[in-house]
Amino acid sequence: MNTKLMLLAVSLLAFSGTAAAFDLGKFLEDRVKQELNKDKQTQPAPTQAPAAAQSAAAAPPPTKQKIDPRQLGFALFGDYSLEEENRIGSQISGNLLGAVQLVRDDTLQRYVNLVGNWVALQSGRQDVTWRFGVLDTEDINAFAAPGGYIFVTKGLYRLLNNEADLAGVLGHEIAHVTQKHHLKVLKQSSLIGALGQAASSKVQGSDPVVQNLIGNGAEIMARGLDKDAEFEADRVGMVYAARAGYIPWGLPGVLQDMAALPAKDSRTGLLYKTHPHPADRLAALGEAVDGRLDNVSGKELADRFYRIR
Amino acid sequence: MGRQAIQFRNQMEMDTMKLFLIPVAALVLYAASASAWAAPGTVLRNEKLYSQPAASASVTATVTKGANVEILAKQGGWLRVKAGKSTGWIRLLSVRAGAGGLGGAGLGDVVGAATSKSDPSRVVAVAGLRGLNDEDLKKAQFNADELARLDAWKVTPSQARSFASQSGLVAVNVPALPKPKPEQSASPWENN
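Heads up: the sequence lines are chains X and A, in that order.
Quick note on the numbering used here: the first sequence kicks off at 1 and runs consecutively.
Quick note on the numbering used here: the second sequence kicks off at 1001 and runs consecutively.
It is worth saying that the hints were derived from the structure and are not from the lab.
Treat the hints with care, since some could be wrong.
Taking lysine-lysine pairs in the BS3-like style, the calculated list, with each CA pair at most 25 Å apart, reads [what the hints assert, rightly or not]:
1. X:Lys154 x X:Lys264
2. X:Lys273 x X:Lys180
3. A:Lys1179 x X:Lys187
4. A:Lys1065 x A:Lys1085
5. A:Lys1179 x X:Lys180
6. X:Lys299 x A:Lys1154
7. A:Lys1181 x A:Lys1048
8. X:Lys273 x A:Lys1179
9. X:Lys184 x A:Lys1048
10. A:Lys1085 x X:Lys180
So here's chain A without its partners, still in its complex pose:
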């Protein structure tokens, strides 16, 4: 386990590095606050921490929705986190990475909500970068040449199948996921 944990740490360190490097490349300046590799996160639902990345492992602690954690490592569908004095594995989808707290909490003020929850000192203004926006898309004129270029790159199903089998990918039967009950996703601010 110890050796493994170190590997996870290294992986996490790389991931964190990347998260920091990309914004720097985009002229976004971070005032680094977190330690080198522990990324901040917020628990999205009441959950258990397990001693191993498996639901069959023993439960080491419970965490409540909204709790802050430090993300230490990632493995498949699991994150190793530190919550207060407890450390353990939690489902990947039960935590959000980043400093935005519980997050958007509803459409319409997505960016505003996220901004107000995050520490403004972490983000300094972005200079000279402007991506795709509504106006670009609205003004866009049909480009037949680019569409032809796109068409030229398409592949056939049989090419895709042989590409998949080259690396041992095999189609597996996975049932569709049910739609969760509406109130669950509608109001993340509610305590439950």
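Chain X extracted, bound-state conformation:
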């Protein structure tokens, strides 16, 4: 798969390079302008192509030059290092937070971090720093990014009834990180990304190499994962919550509440684009759980649950 993409990339570069010295930086800049013009909102086009693009284009590639994968950014063939994972997660999260802000409520955010960290402690993954945030949108959704970044929207938080529900939702997202679901997607698409889907303009704190890898803004969050990854995160996340001492039925309960929402509720538009329908998730989880958790008890902690206005 990767080899095929490599060949494709080489042939594309070779083809473009025949006419004149191929300028990948220029190419990317044009792509960025193209992307920006597609959007109604006019933004100043970046005056400079990102560093990654420049380094990739530094030496004008002769027609038959092979591409060094390391030039294109991150490990295309090996596993991502923890440092790379953190950089990727930080970049995706910074972009996501450019689309939607965090709720300005210290008590809420701190509470979600405490619950989330306690659940994450049961995951066995100790090498990441977990960060949890509630996003200020009525949309119903949750996101995870590599490196331990977890987000829940205010709209989803409103559906929760107790701490066990929250633990179940966070458990699902934590599972995406521990199972490295997004990193696997990135590995499959990294060459395409590295060839320059586009890149963001220079923004303070932004990591152009990673940005080049992940495509436009936080679009990786809009593409979603395959449904098996979601089913797996449901199974694993439910167990994390149970291991943390909560009743295991938090996540299924939230899925039930989502299933009961009208199909055309605008708050679930992106959720259903990126996730299987809750009814399918309940059915898949039901096959996996059957009677296996009959003897698992736990706490709901409705009293301690922090309710937002």
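Starting from the known structure of chain X, fit chain A onto it as the hints suggest.
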């Protein structure tokens, strides 16, 4: 049991109220069809109804995949449902709440499938609300300030442990769940 059942009913009533109130707040108008507290649901797999919320209780009836039920109450991993003339407890994960029937039945046409199965008269158009979408995410520009804000709220493992013990949460050993056989989740429309 009678007293308990009433409590469950009240709980269910509250839950149902909430389900109705949230969409109203979001300018979604329901044409109420169900009775006050019985929520509709669909059975997701062939199952038993038990007299109590426990697999050790006596079986009062069986229900088949696709059957419509009324959800009367919820307790832990169990729902009390009415299926035809039978009433009993069924596993929470063997039923879906809501009016969408068996549901998505495969990716790609998730919303469409759910819509076609539900009664269109129950949902009226949504005005003026637009949530997060692909374009917002695609256009998003890195926000270092928000990322720093997120970082400032993080807690340490020891803070999380003491937070857990404050309410008596104790880590327990729960084995991982097996991955179900592929065909089980792949085709919910199949009769079995």
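Hint-by-hint comparison with the structure:
no., hint, result
1, X:Lys154 x X:Lys264, "holds (19 Å)"
2, X:Lys273 x X:Lys180, "holds (21 Å)"
3, A:Lys1179 x X:Lys187, "holds (24 Å)"
4, A:Lys1065 x A:Lys1085, "holds (17 Å)"
5, A:Lys1179 x X:Lys180, "holds (17 Å)"
6, X:Lys299 x A:Lys1154, "holds (24 Å)"
7, A:Lys1181 x A:Lys1048, "holds (21 Å)"
8, X:Lys273 x A:Lys1179, "holds (24 Å)"
9, X:Lys184 x A:Lys1048, "violated (40 Å)"
10, A:Lys1085 x X:Lys180, "violated (48 Å)"
Of the hints listed earlier, those the structure fails to meet are numbers 9 and 10, in rising order.
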